[in-house]
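Colleague: Below, each chain spelled out in residue letters.
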Amino acid sequence: MNGTCTDNSQKPSNLRLVNETTKVETRVDSQLVARAIENDRGAIGELVRMHQDMWYRFCVLQLHDDELAKDATQETALRVVKDLHLFRGESQFRTWSFGIALNVCREFKRKRGKYVTLDIEQSGLGEMSCHDGEAVQKITHRESVNEMMRMLESLTDRQREAVVLRHLEELPTEEAAAAMNCAVGTVKATLSQALKRLRELMGVKQ
Amino acid sequence: MNDEHQSIEKFKEAYQSIRYEGDLMADIEERLNKRDDAKPIKFMQYVRWGGIAAMITVGVLVFDAVFNSRAEGPTAQPVDGTTMTANQGKSYTKIRTGVIDLPWYQGSNIEKKENQSRPIYMSLNSGTRKEKIERKGRVKLLSLGGRKPLRKTLLSTSTRKTSNNKPAEKESLL
Numbered sequence: 001m002n003g004t005c006t007d008n009s010q011k012p013s014n015l016r017l018v019n020e021t022t023k024v025e026t027r028v029d030s031q032l033v034a035r036a037i038e039n040d041r042g043a044i045g046e047l048v049r050m051h052q053d054m055w056y057r058f059c060v061l062q063l064h065d066d067e068l069a070k071d072a073t074q075e076t077a078l079r080v081v082k083d084l085h086l087f088r089g090e091s092q093f094r095t096w097s098f099g100i101a102l103n104v105c106r107e108f109k110r111k112r113g114k115y116v117t118l119d120i121e122q123s124g125l126g127e128m129s130c131h132d133g134e135a136v137q138k139i140t141h142r143e144s145v146n147e148m149m150r151m152l153e154s155l156t157d158r159q160r161e162a163v164v165l166r167h168l169e170e171l172p173t174e175e176a177a178a179a180m181n182c183a184v185g186t187v188k189a190t191l192s193q194a195l196k197r198l199r200e201l202m203g204v205k206q
Numbered sequence: 001m002n003d004e005h006q007s008i009e010k011f012k013e014a015y016q017s018i019r020y021e022g023d024l025m026a027d028i029e030e031r032l033n034k035r036d037d038a039k040p041i042k043f044m045q046y047v048r049w050g051g052i053a054a055m056i057t058v059g060v061l062v063f064d065a066v067f068n069s070r071a072e073g074p075t076a077q078p079v080d081g082t083t084m085t086a087n088q089g090k091s092y093t094k095i096r097t098g099v100i101d102l103p104w105y106q107g108s109n110i111e112k113k114e115n116q117s118r119p120i121y122m123s124l125n126s127g128t129r130k131e132k133i134e135r136k137g138r139v140k141l142l143s144l145g146g147r148k149p150l151r152k153t154l155l156s157t158s159t160r161k162t163s164n165n166k167p168a169e170k171e172s173l174l
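Protein chains in written order, with the numbering used here: chain A, 1 to 206; chain B, 1 to 174.
Note that these hints are calculated values from the structure, not bench results. Here the structure is a predicted model, which means the values were calculated and not measured. C-beta atoms are modelled at their ideal positions from N, C-alpha and C, and glycine is treated no differently. A few of these clues could be false.
To be verified - To give an idea of the interface, some chain A residues facing chain B are shown, with a C-beta separation under 8 Å as derived from the structure:
id, residue
1, Gly-45
2, Val-48
3, Met-50
4, Gln-74
5, Ile-100
6, Arg-160
7, Cys-182
8, Val-184
9, Thr-186
Said to hold, decoys possible - Quick list of in silico lysine to aspartate or glutamate cross-link-like pairs, EDC-like style, CA-CA up to 16 Å:
id, chain 1, residue 1, chain 2, residue 2
10, B, Lys-12, A, Glu-143
11, B, Lys-10, A, Glu-169
12, A, Lys-111, A, Glu-169
Said to hold, decoys possible - Computed beta-carbon distance windows for the label pairs:
id, chain 1, residue 1, chain 2, residue 2, range
13, B, Gly-50, A, Glu-200, 16 to 26 Å
14, A, Ser-30, B, Thr-57, 41 to 51 Å
15, B, His-5, A, Gln-193, 14 to 24 Å
16, B, Met-44, A, Lys-82, 14 to 24 Å
17, B, Tyr-46, A, Glu-107, 21 to 31 Å
18, B, Lys-12, A, Glu-174, 50 to 60 Å
19, B, Asp-23, A, Leu-201, 29 to 39 Å
20, B, Lys-12, A, Ala-183, 39 to 49 Å
21, B, Gln-16, A, Glu-67, 37 to 47 Å
22, B, Ala-54, A, Asn-39, 13 to 23 Å
23, B, Ile-41, A, Arg-79, 17 to 27 Å
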C-alpha cells in the first residue's frame, strides 16, 4: 500500500511496470481478503494457493530443512486464516503474511534448539521443486539452489531474513521493515552488512 | 558489480523456482477443522482450571481466617499466671466446656474436680516483682530439698546452742 502511493511519472519504465503489477496484486489481494474475512471458503483457498509457494520458499531458506519448512508453511497458513480478521489493511497482505511466516520460523528454530547446520544433500532441498522433468535442468537447478543455500547459511538469521525479503522477494525496504518488525534504518544496516559478507564469499570486488 | 548482479539474478531465479509440493489448503483443511472442534474442549479446560483455582482460593481464605483469629493483636502476650496466650486460653476453655457440655459426659464427676482444684498455669515471668522473688525463693528451696545443710552452719549452731546450754547445765548441777 505504502509503495503504491508514490508518483511514477519520473521513474524508468521497468520500475513503473513493477509498481503497476504490485497495484493489481494488491487490489486482487484486498478483494480476496475481504471475501475471506467473511468466511468464504473459496476465497480462503484461493488466497492460500496464491501464497503457498512464497511462504514455503521463505521458510525453507530460514529453516534449512524441507520437512520442517513444510510444517512451518502449514502453520503459517493456519495462522493467516485464523487471524485474517486482524488484518487491518495498513500494509500489503503479502507483507503481513510474511510477518507471520517470520514469527513461525523463529518459533520453529527456537523449538529445534540451537541452530543446526543441515546437510543440504540430505535435507532434500535440491530436489524439492523440479517439475520440469529434464535431467540437465534438474542438475542446474539443484546446483544453484545448493550454492544459494550455502551462501545464505553464512549469514546471521537477521541478515538472511533481510536479504530474502528485500532482494529475493523484492519487497520495498519499508515493507521488509514492517514484516521484520523493526526500523527501516535497521533493515538498511543489516542489508549492507549482509551484502558485504556475500560479496566476500563470492569474491566480488567493490 | 556486474558479477554481483549476475549472482543475485541467479539466486533469484533459483529461489523463484522453489515450489510447495501439493495443495497447502488440502493439507491444512483437516487441521482447520480440528481447531474448530477443539474450541469446546478448550473451554472445558478453562472451566476445570477455574474450578481448581476457586477451590484453592477458598482453602487459603479459610486457613487464613482460622490463623488470624488465633493470633490477634495484643492477645499474643501470655496471660498472667499462665503460659498460654489469651486466644489459646479461650480456645482451651471452649474445648474444655465443649467436652464438659457433651450430653454423655454430664454424669461424670469431672466438673466437681474442676471446681475443687483448678490447675494453675503459672509462668515464671508473670506477676509483680515481689511475687517473682517469692516464687524464685520457693523454687530454690524446693531444689535444695533433701540436701544436707553445710557443716559450718551446723557446727556454729551446735556450738552456740551448747555454749548457751552448757553453763545452764553447769548452773543447774551446781
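Colleague: Checking each numbered hint in turn, tell me which of them this model violates, lowest number first.
Modeller: 3, 5, 6, 7, 8, 9, 12, 13, 18, 20, 21, 22
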